[in-house]
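K.L.:
If you want the building blocks of each chain, they are given just below.
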Amino acid sequence: MNTAECRPGLVPGEAGQSAGGLPRLLAERRGGGPATLAGHLARHGGLPTAAWERRRREQFIAEVGRAGLTGRGGAAFPTARKLAAVAAGPGRPVVIANGTEGEPASAKDKVLLAREPHLVLDGAVLAAGLTGARQALVVAHGAVREIVDEAVAERRRARCDPVQVQVLTGAGRFVAGEATALVNWVEHGIPVPTRVPPRISEHGLGGRPTLVQNVETLAHLALIARHGAAWFRSAGTPEEPGSMLVTVLGAVQRPGVYETGIGVPVSSVLARAGGPAAPLTALLIGGYSGSWVDQAAMALPFSAAGLHRAGASPGAGLIAALPAGACGLAETARIARYLATESAGQCGPCLFGLDSIAAELGALAAGHPFDPGRLRRWLGQVDGRGACHHPDGAVRMIRSALRVFAAETARHARGWCCGTRPAGVLPVPSRAGP
Amino acid sequence: MTSRIRLRVDPIACAGRGLCAEILPGLITLDDWGFPVIRDADVPPGWQAEAGEAVRVCPVLALRLDRVDRPARR
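Chains as they are written, first to last, in numbering that gives the first Met the number 0: chain A, 0 to 433; chain B, 0 to 73.
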């Protein structure tokens with residue numbers, strides 16, 4: 000194997016695409032496998048080094064602000080504000096690239112790391128430069144750990160990065176990607192959220208200011224560094240600029256991960272996956288703590304503003320298509336049970352409440368007697384009552400199901416179900432071992 | 000600018016013993032699993048002694064009083 004150079008033979012900016020066309024992150028390449036360092040540099044050019052000049056950091060972070068990049072892990076927090084907060088924090092910061100992807104239905108972070116590990120590593124190294132960190136940790140899902148290790152080794156041989164890059168395997172749990180849980184996992188090997196006053200941007204890993212950023216966000220950051228804010232904004236909407244990765248699953252022709260400009264109609268995102276594979280009755284948008292929407296949402300823009308009308312949001316970029324014949328309540332009950340078992344078990348209302356709610360939904364799905372008033376009361380009692388947002392997300396998903404599958408709920412109460420195919424359209428891992 | 004006293008529960012520390020709800024029935028109720036729901040985090044002036052007592056008797060130190068220097072109304 001020849002050792003790749005760290006700089007491409009071309010001037011940065013001329014190497015890759017200069018127009019804002021898609022795909023940006025997921026290049027179409029002959030043959031499978033991850034991009035090599037040489038291939039990555041030929042496509043995108045080298046990483047501008049301006050981030051390491053202290054006096055240019057602020058300008059650089061301002062450019063990220065002008066780009067309007069927001070976190071792609073689900074919370075959509077403005078990246079520039081986070082960078083600035085960590086850079087201004089007390090002590091030497093540390094960067095954690097979050098590729099945990101504990102959501103069982105989501106694949107976009109794994110696909111990104113498996114195909115374009117260098118884009119993520121560029122972003123992590125760049126974020127370290129922008130915040131003054133000397134260390135960047137990449138937490139990768141176990142399925143792609145080796146690819147990331149190989150990419151890091153390749154860069155080390157080429158002496159690419161002025162900061163230390165370390166790779167860890169994420170904890171395979173739903174809540175493990177939550178920022179405080181991630182810091183807890185890295186530091187103590189315990190993947191559950193904590194309450195760290197005041198916040199991890201000031202007091203995180205080892206008490207240091209900590210930047211936790213989703214891997215896709217970092218990949219976008221690496222491209223903004225090369226092409227600038229105006230380029231970034233040439234995709235997406237003025238309010239929600241850029242592109243995003245979306246995992247499309249369920250009843251579509253080609254389930255997979257697709258890159259799309261934010262704000263294209265939901266139906267266009269499904270079309271990227273070959274369109275519906277059956278008549279659809281509903282969609283689950285955003286993830287397992289996202290929202291069910293009915294057919295009418297197909298025409299809405301896939302953006303926070305567009306989906307707001309249907310009570311949904313793009314979340315971590317996920318659309319699951321429910322085919323006619325599948326029972327939305329049965330799917331919801333399975334997901335609710337999964338989310339209840341994935342409670343970190345630290346906060347009473349989440350631990351006991353989600354379990355009670357899942358049992359009630361199980362009865363509803365099975366057509367057994369259930370008490371709708373009690374279910375609604377419990378949803379109200381669990382909402383907002385945890386140290387993290389895990390219970391809130393579960394409540395949001397379940398409330399949306401009761402809204403979208405209202406007619407089905409009434410039928411179930413009379414012992415009927417329109418489901419003709421067995422439940423299990425949406426993947427829920429069975430917990431192996433103790 | 001007024002200074003307000005706010006009641007907070009650390010949901011991780013809280014074990015649902017319920018003493019706080021007995022001392023502050025007007026401010027704290029219990030959910031169906033016995034965990035405290037704070038109805039109004041702002042402690043009215045007349046209740047500050049009881050609020051302090053509730054904080055002291057919490058066996059797991061999950062209850063806290065914070066002084067917030069912010070206008071009460073925006």
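Hints are computed from structural coordinates only; laboratory data are not their basis.
One or more of the hints may lead you astray.
[Stated by the list, open to error] Now the in silico label distances, taken between C-beta atoms and shown as ranges:
hint, chain 1, residue 1, chain 2, residue 2, range
1, A, ARG410, B, GLY17, 55 to 63 Å
2, A, GLN163, B, GLY45, 28 to 36 Å
3, B, GLY17, A, ALA405, 54 to 62 Å
4, B, TRP32, A, ALA362, 14 to 22 Å
5, A, ALA84, B, ARG55, 31 to 39 Å
6, A, PRO426, B, ALA14, 28 to 36 Å
7, B, ASP65, A, ASP391, 19 to 27 Å
8, A, ARG65, B, TRP32, 45 to 53 Å
9, A, PRO254, B, PRO58, 44 to 52 Å
10, A, THR48, B, GLY17, 18 to 26 Å
Each residue gets a CB set at the ideal place from its N, CA and C atoms; glycine is no exception.
K.L.:
Look at each hint and say if it fits the structure.
P.N.:
Against the structure, the hints:
no.: 1; hint: A:ARG410 x B:GLY17: 55 to 63 Å; result: violated (40 Å)
no.: 2; hint: A:GLN163 x B:GLY45: 28 to 36 Å; result: violated (57 Å)
no.: 3; hint: B:GLY17 x A:ALA405: 54 to 62 Å; result: violated (36 Å)
no.: 4; hint: B:TRP32 x A:ALA362: 14 to 22 Å; result: holds (18 Å)
no.: 5; hint: A:ALA84 x B:ARG55: 31 to 39 Å; result: holds (36 Å)
no.: 6; hint: A:PRO426 x B:ALA14: 28 to 36 Å; result: holds (35 Å)
no.: 7; hint: B:ASP65 x A:ASP391: 19 to 27 Å; result: holds (22 Å)
no.: 8; hint: A:ARG65 x B:TRP32: 45 to 53 Å; result: holds (48 Å)
no.: 9; hint: A:PRO254 x B:PRO58: 44 to 52 Å; result: holds (51 Å)
no.: 10; hint: A:THR48 x B:GLY17: 18 to 26 Å; result: violated (59 Å)
Violated hints for the displayed structure, listed by number in ascending order: 1, 2, 3 and 10.
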